[in-house]
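Engineer: With the sequences and hints as input, model every part of the structure.
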Amino acid sequence: MTRATTTLLAGLALAAVGCGGAGETDEAGAPVTDPLTIAVTGGDIAGAMSDIDATVRVFKGIPFAAPPEGELRWQSPQPVAAWEDSRDATAFAPACMQATRPVDSFYGPGADEMSEDCLYLNVWTAAESADAAQPVLVWVHGGGLNNGTGASVVYRGEALAARGAVVVTTNYRLGPLGYLAHALLSAEDPHGSSGNYGVLDQVAALEWVRDNIAAFGGDPNRVTIFGESAGSWSVNVLQATPLAAGLFHGVIGESGGVFGGTSHLTEASMRGDSAEAVGERWIDGLLAASGGEVSLASMRAVTGEQIVEFTRSRAVGFRTAANVDGWVLEQSVYDTFASGKQHDVPIIVGSNADEGTTLAAGGAPADLAAHRTAVERQFGAMAATHHDVYPASTDEEARRAYFDSYASRSFGWEMRTWADLMSRVGSPAYLYYFTRSAPAADRDQLRAFHAAEIVYVFNNLGRAPYPYANRDYDDRDRELSNELADTWVRFAATGNPNGGGLPEWPAYSPDGHPTMVFGDTTEAGLHPAATQLDFVDEFQAGRRHEFSEN
Numbered sequence: 011m012t013r014a015t016t017t018l019l020a021g022l023a024l025a026a027v028g029c030g031g032a033g034e035t036d037e038a039g040a041p042v043t044d045p046l047t048i049a050v051t052g053g054d055i056a057g058a059m060s061d062i063d064a065t066v067r068v069f070k071g072i073p074f075a076a077p078p079e080g081e082l083r084w085q086s087p088q089p090v091a092a093w094e095d096s097r098d099a100t101a102f103a104p105a106c107m108q109a110t111r112p113v114d115s116f117y118g119p120g121a122d123e124m125s126e127d128c129l130y131l132n133v134w135t136a137a138e139s140a141d142a143a144q145p146v147l148v149w150v151h152g153g154g155l156n157n158g159t160g161a162s163v164v165y166r167g168e169a170l171a172a173r174g175a176v177v178v179t180t181n182y183r184l185g186p187l188g189y190l191a192h193a194l195l196s197a198e199d200p201h202g203s204s205g206n207y208g209v210l211d212q213v214a215a216l217e218w219v220r221d222n223i224a225a226f227g228g229d230p231n232r233v234t235i236f237g238e239s240a241g242s243w244s245v246n247v248l249q250a251t252p253l254a255a256g257l258f259h260g261v262i263g264e265s266g267g268v269f270g271g272t273s274h275l276t277e278a279s280m281r282g283d284s285a286e287a288v289g290e291r292w293i294d295g296l297l298a299a300s301g302g303e304v305s306l307a308s309m310r311a312v313t314g315e316q317i318v319e320f321t322r323s324r325a326v327g328f329r330t331a332a333n334v335d336g337w338v339l340e341q342s343v344y345d346t347f348a349s350g351k352q353h354d355v356p357i358i359v360g361s362n363a364d365e366g367t368t369l370a371a372g373g374a375p376a377d378l379a380a381h382r383t384a385v386e387r388q389f390g391a392m393a394a395t396h397h398d399v400y401p402a403s404t405d406e407e408a409r410r411a412y413f414d415s416y417a418s419r420s421f422g423w424e425m426r427t428w429a430d431l432m433s434r435v436g437s438p439a440y441l442y443y444f445t446r447s448a449p450a451a452d453r454d455q456l457r458a459f460h461a462a463e464i465v466y467v468f469n470n471l472g473r474a475p476y477p478y479a480n481r482d483y484d485d486r487d488r489e490l491s492n493e494l495a496d497t498w499v500r501f502a503a504t505g506n507p508n509g510g511g512l513p514e515w516p517a518y519s520p521d522g523h524p525t526m527v528f529g530d531t532t533e534a535g536l537h538p539a540a541t542q543l544d545f546v547d548e549f550q551a552g553r554r555h556e557f558s559e560n
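Here the sequence shown is numbered in this note's numbering, starting from 11 and rising by one per residue.
No wet-lab data here; the hints were simulated from the structure.
One or more of the hints may lead you astray.
Derived CB-CB ranges, DEER-like [unchecked claim]:
| no. | residue 1 | residue 2 | range |
| --- | --- | --- | --- |
| 1 | Glu123 | Glu277 | 35 to 41 Å |
| 2 | Thr276 | Ala307 | 39 to 45 Å |
| 3 | Pro200 | Asp485 | 56 to 62 Å |
| 4 | Pro513 | Ile62 | 38 to 44 Å |
| 5 | Ala394 | Pro475 | 43 to 49 Å |
| 6 | Gly510 | Ser433 | 24 to 30 Å |
| 7 | Thr404 | Ser305 | 56 to 62 Å |
| 8 | Gly510 | Ala540 | 25 to 31 Å |
By construction, the Cβ of each residue, glycine as well, lies at the ideal position given by its N, Cα and C atoms.
Structural biologist: Put into structure tokens, the structure is as follows:
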């Protein structure tokens, strides 16, 4: 044990007397408290000092809800059962069940160990006492709501914790186990709801944070939720659901929003058929493959492994998304924000310049002619304007235009719309655009790819595996990573990313759309893709009008 670790533990032991953990008494009868043992809902947990930062305590695999298996599959999360002895919290829990990606996937195949018993979270803290009242950052992982885990190396929270934030990463149910809607499930639910189990897991994790984070030195009244991709979709939904009222006080969304359409439980929507219709087709296919009749009992008798294998087969399509059910979501996320009914808290939102180079590479046009045909099919009367906004006269330019259109339509527009709609309430919004391409052999091909910013935000340059490994991070990358980590922590502490010597970041307004660009330099100005986002805004307005007329 290092001298720094010994000194910290001694200080924590003194500060923690009477603050948490079931302590023994010394010969004089005074309580002796182990700073690595903390009392939480359910019982005591025993964590460990970080192996990369001797000032940070880490608590892994903390249950925040009962295992959602057996009769609890496709049910709202239930309270954890109490345990008697101190529970080991030095190893991550399994990921939630998921159909892993191909081994050659750019983002890797996914989790190695998985289970339906997966509702666990992890905490990193450098707080020296339980009354430190540090700001809290709760991370919701990405992965399309189909993959991922809060235990990924790139999400390790030591660097953010060392900056003065208590960091939480959490699991939530994924794929059909997290988002299956079905009439039978809705009928048994007291709220007439089904299909939003992943959202409910996230709410349950936030309730656990509210009730327990003070024991780790966190302030339950300064909680910021943040996430990337599907994690950003999730925090977008959390800002819209009334069930999360009072559970967080700031939002950071990185490359993901759901303003382009929200599924509806029982009705068709801009996303297509109702969530129940999609789920019922999927269950029919699953049970046909396993030879079962459609009933709640047979749905819960299928093994988790069978569900994963059927999902992986793609024999029947499935839409993994939250839905408007009248309880978790009372209306679409767009309508919630447009009517000013979202939770009125400060936000930071933004996207990366080249989201499509990894996510949409498989759909890139073969040549200029194929690109023009696809644009005319997708954009109809607006195709000519699309060609003007995303000009292309060669095959290579067509590929670039395709990626730029994908990035602005699927991500850039979502994030600017999020900021725009915050004008309906009083809290400020701050918009960013990430353009940094990390030095590597694939730099010119990938550029600022989808999820590129995560390793900078967590200040984990050089620690995370591919696609973040084998990159020759230079002084600018380290400077940018420090800026982003410092900014995210400062925002969690104050609700404002400014101050502390950080670059001045103007609050967003619909007039002028001021944007902070994080790239080879950090500077505020006009959004570099403003013209493209204006085009997408017009296109999406047409889609909403067309759907409302039908």
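Engineer: None of the hints should be skipped; say for each whether it holds.
Structural biologist: Here is what the structure says about each hint:
{"no.": "1", "hint": "Glu123 x Glu277: 35 to 41 Å", "result": "holds (39 Å)"}
{"no.": "2", "hint": "Thr276 x Ala307: 39 to 45 Å", "result": "violated (23 Å)"}
{"no.": "3", "hint": "Pro200 x Asp485: 56 to 62 Å", "result": "holds (57 Å)"}
{"no.": "4", "hint": "Pro513 x Ile62: 38 to 44 Å", "result": "violated (28 Å)"}
{"no.": "5", "hint": "Ala394 x Pro475: 43 to 49 Å", "result": "holds (44 Å)"}
{"no.": "6", "hint": "Gly510 x Ser433: 24 to 30 Å", "result": "holds (27 Å)"}
{"no.": "7", "hint": "Thr404 x Ser305: 56 to 62 Å", "result": "holds (58 Å)"}
{"no.": "8", "hint": "Gly510 x Ala540: 25 to 31 Å", "result": "holds (29 Å)"}
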